[in-house]
Amino acid sequence: MATSVEAEFTAFVESRSHVLIKAAYSLTGSQHAAEDLLQNALTKTFLHWRRIEGSPDAYARKVMYHDFVSSWRRLRKLRELSFDQVPEHSLEPGAELVPLQMLLRDALLSLPARQRAVLVLRYFEDLSVEETAAAIGSPKGTVVSLASRGLAKLRELVPEFGASYEGVGA
Amino acid sequence: VSVREEELLRQTIASMTSGVRGMDGLAANAIVRGRRIRRRQRAIVAAGLMLVMVLTSAVLWPFTGGSNQMADAPQVDQNIQLDLPGSWRTEAAPGKATASFGDRTLTAPAGSIESASGDYVMVATPGQDGFNLTITPVSGGAGKTTKVPGAEAFQWAPAQNQILATLSTVDEQKGFAIIDAPTGEWKTYLPVAVPTAFCGECKFTWHRDGRQAALWQAADFTNADGSFSGRGSTYLYSTTTGQLNRTLPGQINVTGPYSWSPDGSQAISQHGSTSFAIEVETGELIRQLPGAAWYVAADYVLVLRNLEGKQAALYMRVSDGQLIETKELGDSRDIILTPG
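In the order they appear, the protein sequences are chains D and B.
One point on numbering: in my numbering, the residue at position 24 of the first sequence is 269, and numbering is uninterrupted.
One point on numbering: in my numbering, the residue at position 25 of the second sequence is 31, and numbering is uninterrupted.
The hints are simulated quantities; they were obtained by calculation from the structure and are not laboratory data.
The model shown is predicted, which means the values in this text are computed figures rather than measured ones.
Just so you know, even glycine gets a beta-carbon here, dropped at the ideal spot from N, CA and C.
Hints may be right or wrong, so weigh each one.
Said to hold, decoys possible - Not everything, but these chain D residues come out facing chain B in the computed CB check (under 8 Å):
#	residue
1	E251
2	H263
3	Q276
4	Q284
5	L349
6	V403
7	F406
Next up, chain D with everything else stripped away, as it sits in the complex (with noise of 0.2 Å):
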């Protein structure tokens, strides 16, 4: 019989999987890299229920990002990016900008881990500067400094993407 934090857990798992679960593939890029990565921050979470001070959430995310990036040796064997599921047909509106996604998908998976991790707090977690430091435990120049230098590293592998930068201006 489960007890109430487990009771509690559970249902905070089963609430923020699905969002969780894509946060950690986007510093990944690989499906199986994203379930281990959420599965021992999800561990650690469990551990520490008790102690946790407001949101379960930031405190997952935190480990995870933590965890990605002082993990990075092991997970760069597994760098290769996973292709599982391409559009079917995509004459969506948008669906020019496929490909270009594509190529800045590859060049966002071969940033060092730092500048992918910042770069996906600032782009897809929608956190300040502020908070992109506190998730990842540095100064806030040094997260301006790792998003600057990762949109450089991005605008030089996918020129598109950097026109695009030229054309309208920073």
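Take the given structure of chain D and dock chain B to it, following the hints.
Quick look at chain B alone, frame taken from chain D:
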């Protein structure tokens, strides 16, 4: 970061995660693992206490590594066909060694390749001085074996029953031979004017017009960071005289006749896991493509994207980059392009 750039980045990350599969048993696994870790921690603490208190024994709770659920591999239809304009189509072809062109599919053994007409099959085998080439009529009859000294690579013409062979001498002179399949006769053009300063692997490939050979150049094509450099040039030779016909601005890493658009105004330069559609007269980049690519019709390309050993065929329009259709092709090594 510009507004469009930020929007594009958001869309990319969002699209990355759109195909993510959910996981069953996440909470249960976390709880089981958590309990295990707690037991281990308690056992370690207990053992330490017992050692400190000089107890006689300690019992460590046995534990094993956590289970790791493996997602099921996606089921792939091995008979996928992708309809393309002009009756082109693609087929996943497990076990086949090369691409083939023709109005019918020939089950060719590994290492062989069918002519565009479907009338002949060639098999190249290593010899003492380059490869020996055996050309066999599909209709039956004995094959002819041709020994072309210094031959390194062979490629069927886009229409006629001719083979282009790249030649190389011990002192690194380069040239090519044109082999006539019905007769087995061949004519060499060696050496030809090759810009060795820019020459990478120096393999000659057919132009789409079937009358010219292009020099396959790989060196100095990209910058150190992998971006498109546009440097260098591409050389086109007459396959009837061996003379240099013209030089195109920009190195275009063409791999065969279908690297060229039907009118020859555009060409695809392949580089690693990406490729570039290029305006041949100016050398300007038209579009970066997310995989190896070939023209299947004017302005339309087939892009093969290979990730984790799985292939996906993307049917794209070059002018605006629109993705028309995609097919997952599984782990087949080669794709057959079949003009109807």
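Hint check results:
Satisfaction of the interface hint for D/E251 is found here, the shortest Cβ-Cβ separation to chain B being roughly 6 Å, below the 8 Å cut-off. Nearest Cβ of chain B to the Cβ of D/H263: about 6 Å, under the 8 Å cut. The hint holds. Using the Cβ-Cβ criterion of 8 Å, the hint placing D/Q276 at the interface with chain B is satisfied: the shortest such distance is roughly 6 Å. The interface hint given for D/Q284 holds, since its Cβ lies 6 Å from the closest Cβ of chain B, which is under the 8 Å cut-off.
A hinted interface residue such as D/L349 counts as satisfied when its beta carbon comes closer than 8 Å to some beta carbon of chain B; here the least separation is about 4 Å, so the hint holds. Look at D/V403: its Cβ gets to within about 7 Å of chain B, closer than 8 Å, so that hint holds up. Among the interface hints, the one on D/F406 holds; its C-beta lies about 6 Å from the nearest C-beta in chain B, closer than the 8 Å criterion.
The structure shown violates none of the earlier numbered hints.
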